[in-house]
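Visitor: Chains as they are written, first to last, in our numbering: chain E, 1 to 481; chain L, 1 to 481.
Please note: incorrect hints may appear among the correct ones.
Here are the simulated BS3-like cross-link-like pairs (lysine-lysine), alpha carbons at most 30 Å apart as the crow flies [stated by the list, open to error]: (1) L:K309 - E:K60; (2) E:K134 - L:K309; (3) E:K384 - E:K286; (4) L:K313 - E:K60; (5) L:K313 - E:K326; (6) E:K102 - E:K80; (7) L:K80 - L:K147.
Some chain E residues flagged as far from chain L (calculated, every beta-carbon gap over 12 Å) [stated by the list, open to error]: (8) L71; (9) E91; (10) V92; (11) W94; (12) K150; (13) E182; (14) N374; (15) K377.
By construction, these hints were calculated from the structure, which means they are not laboratory data. Cβ coordinates follow ideal geometry from the N, Cα and C atoms, glycine included.
There are 2 protein chains.
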Amino acid sequence: MAEEEGITVRKSENFSDWYTQVVLKAELADYGLVQGTIAIRPNALKIWENIQKIFDERIKELGHENAYFPLLIPESLLRKEAEHFKGFVPEVFWVFYSGDTKLGERLAIRPTSETIINNFFSKWIRSWRDLPIKLNQWCNILRAEIKSTKPFVRTSEFLWQEGHTAHATHEEAEKEMLQILEEYRKLIEDYLAIPVLVGKKTESEKFAGAETTTTVEALMPDGKALQMGTSHNLGQNFAKPFGIKYLDKNGKENLVYTTSWGISTRLIGGLIMTHGDDKGLVLPPKIAPVQIVIIPIFYNIKQKQKIFKECEKIVESLQTVGLSVKIDSREEYSPGWKFNHWEMKGVPIRIEIGPKDLQKKQVVVVRRDIGVKNVVKRNTLQKKIPILLDNIQKNLFSQAKRFLQDNTTTVKNYEELKKVLESKGGFIRAPWCGSSHCEEQIKIDTGATIRVLSLKVEKTSGKCVYCGKAGKEIAYFAKAY
Amino acid sequence: MAEEEGITVRKSENFSDWYTQVVLKAELADYGLVQGTIAIRPNALKIWENIQKIFDERIKELGHENAYFPLLIPESLLRKEAEHFKGFVPEVFWVFYSGDTKLGERLAIRPTSETIINNFFSKWIRSWRDLPIKLNQWCNILRAEIKSTKPFVRTSEFLWQEGHTAHATHEEAEKEMLQILEEYRKLIEDYLAIPVLVGKKTESEKFAGAETTTTVEALMPDGKALQMGTSHNLGQNFAKPFGIKYLDKNGKENLVYTTSWGISTRLIGGLIMTHGDDKGLVLPPKIAPVQIVIIPIFYNIKQKQKIFKECEKIVESLQTVGLSVKIDSREEYSPGWKFNHWEMKGVPIRIEIGPKDLQKKQVVVVRRDIGVKNVVKRNTLQKKIPILLDNIQKNLFSQAKRFLQDNTTTVKNYEELKKVLESKGGFIRAPWCGSSHCEEQIKIDTGATIRVLSLKVEKTSGKCVYCGKAGKEIAYFAKAY
C-alpha cells in the first residue's frame, strides 16, 4: 500500500506537495477523471459525517428542517436575479441532452440553489402563518474549476449544506444571518480547533445577489486565508424577481426577506492544513472518527490471547465514557507499521500494550499532537484519557490561535503592506477609506483582497493604506485560496 | 394553506389522483420545473432520514464504510461495460459545456456509479490485504424519465444509497448480495411495515451488467408490483473491463468479484401507497418522524396555562421512554383544524387534552390507523402508549400482509393468468418453462413481467403457463410500476 511510504516532504519545505501527499497517503481523497473532481474516501467522509452530525443537530434545535431540491436548474430560472447569474455563469456545467433528445432549454447543474429554492418559496408562502420558513439541504454542488484545483479546498464538485430561510422582516433575516455565522464560528473553533476572524465582506467580495455577506476566515500555515463559511442576508433581492409575497395580519401584501448560508467539505482541507505535520494528518479529538487506537504487542500465542482480552477490556471501559476506540488486531502487520499507519491517519491517542505492560498493570499512551509517550496505570486510564483528549483539543486550538496572532500584522502604509505580504503573508490590518477603487488596485498590485471587515466597524484615525485619504475603518487584507 | 382542503377523492375510487393529492397536501413533495423532478419537502425528508439512520447503522455494523464519488462520469468510462452502457444510455443526462467552454468529451450525470467506483477499485486494490472493500454512498441519481413520472416512485432525480463491494471469491460476493437483500427485507417489513416477496430476477429483468440480480418486491393497493430494492452479484463483469486485480497470498494475480445494491426514496412512495387512507398519510410508528402529537383544548387563559403545563409533563414522560412527541400549541388554528392537519400528515397517535380531562386525570388517545378513540388515565400513559404504537405497527403490517396474500393468485393456464391480471391484478404464481421467449410474449400480450423467482427454485409439475411445455419453476408475474 502506497500510504506506508510515509510523507517524503516536510510541511515547512513544500507546503503544497506536503498537502497532496497527506491527502493521498492518509487515504482522504483520490483524483477523479474529470478535472477538479475527487473521490472522498472513508477516512475523510467520516470527518464530514461528524461535522454533519454536530451542525445538523444544532440547526434543528434552532428550528430548521431539512429538505431536498432538484439538481437541475433551467437557465431561465438561473437568470432571474441578474447579479447572481453573472456571478455564477462562468462556472456552470450545462446539460443539453437527455439520452438522444436535445432539451428545449439548457439546464444548469446547481452551482448553489437560491434560484430554485426561492422559486418554491413563492409557491409555498401565502400568509404570515407560513413564516418564517427555515430550510436546509445537504447536497452536492458543481462549479467548474479550471485553474489550480486542490482536493477539498477548490474542487469542481463538493458536498455542502445550504440553508435557505424566508422571513417577514429585515431584522429577522439579519438575526438569522448572524445566528448562523455564530454557529459556524463555534463549529470551526470549538470542534475543528481552527481559530477564525469573524466579519463581513466588502461590496466587491460579497456573494452574487446578496445584500450583506458575513464570513468566517481562517489563516493557513502558508500565510494564505481560507474562507470557511459564509452567511448572507439576501434582503429582497430574490423575493422581488421571484415574487415571494405574504399577506400580513392586516391582510396587506408584503415581500419576504431571505437568507442563505453554507459550509462545505472545504472545512476538511482547512483541518488538514492547520493541524497536519510531517508524519501526516493530526485530528482534533472532538472531530476524530477514531479517538484512540490500541496496538497489542505480543511474541507468542499465549501472550496474544491475554493481551487481546486486556485490549477488549480497555475498549469497553473507554466506550463507557463515550469515547471512540479501535483495536488494530491485524496480524499481517507489525506494531511499528501500525504506529506509522495510525499516525498518518491522525488518530489523537495511541495506546500500546505488551507483555510487560500487562504484568505491571499499565499501558503506554502516546499523544499524536506532540508525540509524548507516558506510562499510565490501567486503573486510572478511564479517568486520564478524557482529560488527555481535552488537552490535545485545547493544545491544537491554542497552537493555531498563536499562529493566527503572530501572523496578523498591523501596517501603516502601502510599502509596509507589500513587504509583509511578500515576506510572511498572513492577515494585514490596515486603515481603508472604503472605496472599491483602492481595494481593486491593491488586489491588482499584490494579489491580496480584503477578507474581512469587523461586524462592528473598527474605527481608525489612520490614513487609507492605498490612497492616503482619511481611513473609514480597519480592513483585514490577505492573499487567499 | 392548500393542504387543509383535505383529500377530495377516495383511495378506492381513483388511486392515482388520491396519491397525488396525498403527496401535495401532506406536503411531502412538490413538482420541479424540469420534467420528472420534485422537491422533497421536510415531511418526506424526515422519513428518508429515518430510513438512512436505520440502514446506515446496520451496514456499518456489517463492516461497510461510506464514501463519496464524483457525479460526472466521462462517456468513455461509462462505455467500458457494454451491457451496462446499453442499459442506461437512453436515460442519461449529458453535460457538454462548462461555462462557455465545450468539453473534450461529454460527461454523463451518474445514472448509477458502478463504472466510476470500479475504476477507483482498480487503483486501490493491490493485494489480498486490501480485500474485501465494502463501500457505500448516499447520493442523488439522475435518470431522465419521459413518460408517466410519479413523485417518489418514478422521478428523473432521486436520492438513494448505493453499496459497492469487491471480494476475493465468488462465494463471498454471493454472500454479500444475499446478506444485503436480507437487510433490505428487514428494513422494509420490520420498519416500513410493507411485506415483500424476496427473490431473484430473470435474465431479461436483471440489472444491466449483473450476473445475478436479487430483489424485494411489494404489492401496491392497485394490484401493481413495486420493486423496493435490488442487490446484485456483478461477478467479474466489471472486474474484467476495469482490470481490478489483486495478488493472493501465493503472489498470484486474480480478478476480484464485485457487488452493488441500492434502495431509494422510492420507498417513500411505497409507504404512502400501502398505508395511506382517505384522510391522508398513515405512518408506521417505527418510521414516523413524530409518533405522537398532543393537541391542547382550552377556552380561556387560565385553562390554557394549566393544560400547557400538563402537556409538557406528558411530553417529558413519553420522551423518557424514547418516543418522539410534539405539542401543537399554535393559537391561530382550532383543535378541529389540527386534528385534520395531523391526520393528513399520518402521525400514528393523537392525544387530546381539555379542561375536563385535566380534572379527571385522563387524556383522549386516538389511533391514526383505525381511528379508534380511548380515554386513558394519565398515570398509565407512559406504559400504554408504547404498547399502542407497537399494536399500530403490527396492525399496519398484517393488514398489508393480508392484502398481499389475498392478491397472490395461483393460475394453471394462460387464460386464467390474463383474467386475473385484468380483474384484480396482484402477483400471479404460474409455472414457467424458463424461456425468455415465453416471458417476452406474456409481457407483450398483457404488460405483466416476471417480478420474482424464488431464491430456492420453486419446483413445479405444472406446464408453462404460456407454451405448455414442462414448467421449470414457479414464477411470480405482475404488472409493475
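Visitor: What are the numbers of the hints the structure violates, in ascending order?
Guide: 5, 8, 9, 10 and 11
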